[in-house]
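Engineer: Chain order of the listed sequences is R and A.
For the first sequence, my numbering puts the final residue at 549, and the numbers step up evenly by one.
For the second sequence, my numbering puts the final residue at 192, and the numbers step up evenly by one.
Hints may contain errors.
[Claimed, not checked] Straight-line distance between alpha carbons at most 27 Å, and here's what the computed BS3-like set of lysine-lysine pairs gives:
hint: 1; chain 1: A; residue 1: 170; chain 2: R; residue 2: 507
hint: 2; chain 1: R; residue 1: 505; chain 2: R; residue 2: 519
hint: 3; chain 1: R; residue 1: 96; chain 2: R; residue 2: 42
hint: 4; chain 1: A; residue 1: 141; chain 2: A; residue 2: 46
hint: 5; chain 1: A; residue 1: 156; chain 2: R; residue 2: 485
hint: 6; chain 1: A; residue 1: 182; chain 2: R; residue 2: 485
hint: 7; chain 1: A; residue 1: 182; chain 2: R; residue 2: 502
hint: 8; chain 1: A; residue 1: 87; chain 2: A; residue 2: 141
hint: 9; chain 1: A; residue 1: 170; chain 2: R; residue 2: 137
hint: 10; chain 1: A; residue 1: 156; chain 2: R; residue 2: 505
hint: 11; chain 1: A; residue 1: 46; chain 2: R; residue 2: 485
hint: 12; chain 1: A; residue 1: 92; chain 2: R; residue 2: 502
hint: 13; chain 1: A; residue 1: 182; chain 2: R; residue 2: 399
hint: 14; chain 1: R; residue 1: 93; chain 2: R; residue 2: 42
hint: 15; chain 1: A; residue 1: 107; chain 2: A; residue 2: 156
hint: 16; chain 1: R; residue 1: 96; chain 2: R; residue 2: 475
hint: 17; chain 1: R; residue 1: 485; chain 2: R; residue 2: 137
hint: 18; chain 1: R; residue 1: 502; chain 2: R; residue 2: 490
hint: 19; chain 1: A; residue 1: 141; chain 2: R; residue 2: 485
hint: 20; chain 1: R; residue 1: 103; chain 2: R; residue 2: 146
hint: 21; chain 1: A; residue 1: 170; chain 2: R; residue 2: 505
hint: 22; chain 1: A; residue 1: 182; chain 2: A; residue 2: 92
hint: 23; chain 1: R; residue 1: 103; chain 2: A; residue 2: 92
hint: 24; chain 1: A; residue 1: 107; chain 2: R; residue 2: 42
hint: 25; chain 1: R; residue 1: 71; chain 2: R; residue 2: 42
hint: 26; chain 1: R; residue 1: 490; chain 2: A; residue 2: 120
hint: 27; chain 1: R; residue 1: 399; chain 2: A; residue 2: 92
hint: 28; chain 1: R; residue 1: 475; chain 2: A; residue 2: 170
hint: 29; chain 1: A; residue 1: 156; chain 2: A; residue 2: 141
hint: 30; chain 1: A; residue 1: 182; chain 2: R; residue 2: 490
hint: 31; chain 1: R; residue 1: 485; chain 2: R; residue 2: 505
hint: 32; chain 1: R; residue 1: 507; chain 2: A; residue 2: 46
hint: 33; chain 1: A; residue 1: 107; chain 2: A; residue 2: 92
hint: 34; chain 1: R; residue 1: 146; chain 2: R; residue 2: 71
hint: 35; chain 1: R; residue 1: 502; chain 2: A; residue 2: 95
hint: 36; chain 1: R; residue 1: 475; chain 2: A; residue 2: 141
hint: 37; chain 1: A; residue 1: 107; chain 2: A; residue 2: 87
hint: 38; chain 1: R; residue 1: 296; chain 2: R; residue 2: 485
hint: 39; chain 1: R; residue 1: 490; chain 2: A; residue 2: 184
These aren't lab readings, by the way, just hints derived from the structure by calculation.
All values reported here derive from a predicted model rather than from experimental measurement.
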Amino acid sequence: MKTFHVEGGIHPEYRKERTQENAIVALPMPKILCLPLKQHAGAPAEPVVSSGKRVKKGDLLAKPQGAVSAPIHAPTSGTVVDITDMTAPHPSGLAQKTIVLRPDGKDEWGALPPPIENPFAADPAEIDARVGWAGIVGLGGAAFPSAIKFGLRSKKPDILVLNGAECEPYLTCDDRIMQEHADEVVDGARIMAHALGVSQILIAIETNKPAAIVAMTVAAAGYPAVVVMPIPVQYPMGSEKHLTKAVTGRETPAGKMTADIGVVVHNVATARAVREAVRFGWPLISRVITLSGAGLTRGMNIKVPLGTMVVDLIEFCGGFKDGIAPQRLISGGPMMGHPLPSLDVPVIKGTCGILALTKAEINEQPAGPCIRCGGCVSVCPCGLVPLEMAAFIRHDNLEQAEQIGVRDCVSCGSCSYICPSHIPLVQYFNYAKGKLNAADRDHRKQERLKGLVEGRMARMEKQRKAKAEAAATAAAAKKAQAAATAAAAAAAGTATAAAPPTETPKASA
Amino acid sequence: MLLAVGSLAVIGATLGSVLGIAARYLAVESDPLEKDLQELLPGSQCGQCGYVGCGQAAVALAKGEAPVTLCIPGGKAVAEKLAKRLGMAADLSGHKDAEPVYAVIDESKCIGCLRCLNECSTDAIIGAPKQIHTVLVDNCHGCSKCYNTCPTLAVSMNKINVNLNDWHWQKPKLRTKRTKH
Ligand code: SF4
Ligand code: SF4
Numbered sequence: 041m042k043t044f045h046v047e048g049g050i051h052p053e054y055r056k057e058r059t060q061e062n063a064i065v066a067l068p069m070p071k072i073l074c075l076p077l078k079q080h081a082g083a084p085a086e087p088v089v090s091s092g093k094r095v096k097k098g099d100l101l102a103k104p105q106g107a108v109s110a111p112i113h114a115p116t117s118g119t120v121v122d123i124t125d126m127t128a129p130h131p132s133g134l135a136q137k138t139i140v141l142r143p144d145g146k147d148e149w150g151a152l153p154p155p156i157e158n159p160f161a162a163d164p165a166e167i168d169a170r171v172g173w174a175g176i177v178g179l180g181g182a183a184f185p186s187a188i189k190f191g192l193r194s195k196k197p198d199i200l201v202l203n204g205a206e207c208e209p210y211l212t213c214d215d216r217i218m219q220e221h222a223d224e225v226v227d228g229a230r231i232m233a234h235a236l237g238v239s240q241i242l243i244a245i246e247t248n249k250p251a252a253i254v255a256m257t258v259a260a261a262g263y264p265a266v267v268v269m270p271i272p273v274q275y276p277m278g279s280e281k282h283l284t285k286a287v288t289g290r291e292t293p294a295g296k297m298t299a300d301i302g303v304v305v306h307n308v309a310t311a312r313a314v315r316e317a318v319r320f321g322w323p324l325i326s327r328v329i330t331l332s333g334a335g336l337t338r339g340m341n342i343k344v345p346l347g348t349m350v351v352d353l354i355e356f357c358g359g360f361k362d363g364i365a366p367q368r369l370i371s372g373g374p375m376m377g378h379p380l381p382s383l384d385v386p387v388i389k390g391t392c393g394i395l396a397l398t399k400a401e402i403n404e405q406p407a408g409p410c411i412r413c414g415g416c417v418s419v420c421p422c423g424l425v426p427l428e429m430a431a432f433i434r435h436d437n438l439e440q441a442e443q444i445g446v447r448d449c450v451s452c453g454s455c456s457y458i459c460p461s462h463i464p465l466v467q468y469f470n471y472a473k474g475k476l477n478a479a480d481r482d483h484r485k486q487e488r489l490k491g492l493v494e495g496r497m498a499r500m501e502k503q504r505k506a507k508a509e510a511a512a513t514a515a516a517a518k519k520a521q522a523a524a525t526a527a528a529a530a531a532a533g534t535a536t537a538a539a540p541p542t543e544t545p546k547a548s549a
Numbered sequence: 012m013l014l015a016v017g018s019l020a021v022i023g024a025t026l027g028s029v030l031g032i033a034a035r036y037l038a039v040e041s042d043p044l045e046k047d048l049q050e051l052l053p054g055s056q057c058g059q060c061g062y063v064g065c066g067q068a069a070v071a072l073a074k075g076e077a078p079v080t081l082c083i084p085g086g087k088a089v090a091e092k093l094a095k096r097l098g099m100a101a102d103l104s105g106h107k108d109a110e111p112v113y114a115v116i117d118e119s120k121c122i123g124c125l126r127c128l129n130e131c132s133t134d135a136i137i138g139a140p141k142q143i144h145t146v147l148v149d150n151c152h153g154c155s156k157c158y159n160t161c162p163t164l165a166v167s168m169n170k171i172n173v174n175l176n177d178w179h180w181q182k183p184k185l186r187t188k189r190t191k192h
């Protein structure tokens, strides 16, 4: 099948050879697992266990809260020893509520929901519910709850694109999953397609993964609806909109989703997790991640229980090379990943890699002035003008940066990569987008408060009026009574037979 | 009774028409500038600027009697917008945003007097007479009115800590090649 040209992008050194040939190994159960309540995009989960509780593998630990959220299950059997604030695997280094589980070494399964025997005959809603129950999120890194993406069925998509691009340098976990578990990925993709009501599945894999392409093509052979599409090696090919363009030729308008043009994109590892939830009733309790970088003694692809501490993983890889702490420790890929605040943070659902990078690998240099070479403009896959946006942001002119599209930036970092002056372009855009979002939140809060103030003022006014009216009625009644007494006195004085005022209305009626 | 009904009706009609006429003849043309400025202010009527509410603050701004930095909760963002609308070039580089705070009531000190509750313009305080009050953090806009009115000093204003949902990257600090010219 034909692929389509995608504008922009870069060709960084991929450095995948370090781990590409290394088969996935399972990590022996660590001594302690730390499960933060927010491992996904959306609201944090809410614990349903308390300290001291014994749990079995797969038992629910925390339930979803709100419309966009995901539950968290026990990765193994053991005891909940604490629910406490711990440093999150997040660049801020802020603390987050975390469930601490001490494994008992038995790895005993608890009660699981029954397998869905024939998923292709099942009601799509049943599959949605199962995927939601399993706490599956996008395993490519964005960690968006998958069940919600299944709801895109309502937009009547016609193509499911399975993202096996893995365009970030260093990462090879998706590559290994496709090589070693191709049948499972294809089966998962077919289940997803059934749930979404789409008839065509395109599996997009960059040509630098020949073994994965072969394995997947073999696995897809029996299914005419499933097509494996080798795509050019070009960063950021794995970005949803660009991948969609590459394999379907369809352009996603700015501010829209790919689902608006009939395409839903899921990661290959997510497809496998969906299969396990549907066919075996397993929740998402482990994932495959890549450990790499010249700062590590050996690079590996490891199947890790969620909640494993980074420090345990580094140890499993033989520690830091020559015992020297790396220049930078990153969660995710080197382009779009983020620095980790410490080694004492856990692996969460969205962690696709841990990289220990040396100084030589980073090539960090002080920034110089912009020489207006236009490099950033030609590589931006979103058609933006990074140099201009950065100039506005540098002068705190976020409004104008927004006008020329900073919110459409996908933070791929291509511009920063190419810039000969080493200007921290994407860092400016991350800051600007964060600040603009914060301003939006403030604005929403302000509007809500305004509503509250107005409501209160209206209520006060009503109360004041009611009081005034009550006072007026009381005064009038008093007056009327006085008048009546006077009239009665007058009537008595003149000795005229007059009907008492109270009876008048009836008489006249 | 007839008398009562009649007199009330007369009073009502007279007052009504007086008000109606007054409204027609004494109407103040609302200044478009004032209106725009008021739109830019938060509208929570907190009074931290020293004026009774945002409307009065807008009037003062329009007359040039108040600085664009008057609105404390609005911070730099509002100051910038006000300056823009007023066509002024304000140097706000030195302007620091006030740290957002929220009120907390110490339950052991609260006597349930309702004073804070009556002061709160966003109904963020819940409670009843002689019952301990609490603050709904989401509705509190940190105006400190309750803090200033509590007879037992039970209210304290606490800093709002950034959480994972609110955090965002800071502006990159430039390490330039040339330190001297
Ligand atoms: S501006 Fe944003 S989308 Fe464009 S290259 Fe830079 S980081 Fe990527
Ligand atoms: S790549 Fe860097 S130097 Fe070239 S135009 Fe963009 S910002 Fe300026």
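Engineer: Check each numbered hint against the structure and report the violated ones by number, ascending.
Structural biologist: Hints 1, 3, 4, 7, 8, 12, 14, 16, 19, 21, 23, 24, 25, 26, 27, 30, 31, 32, 35, 36 and 39 contradicted; others consistent.
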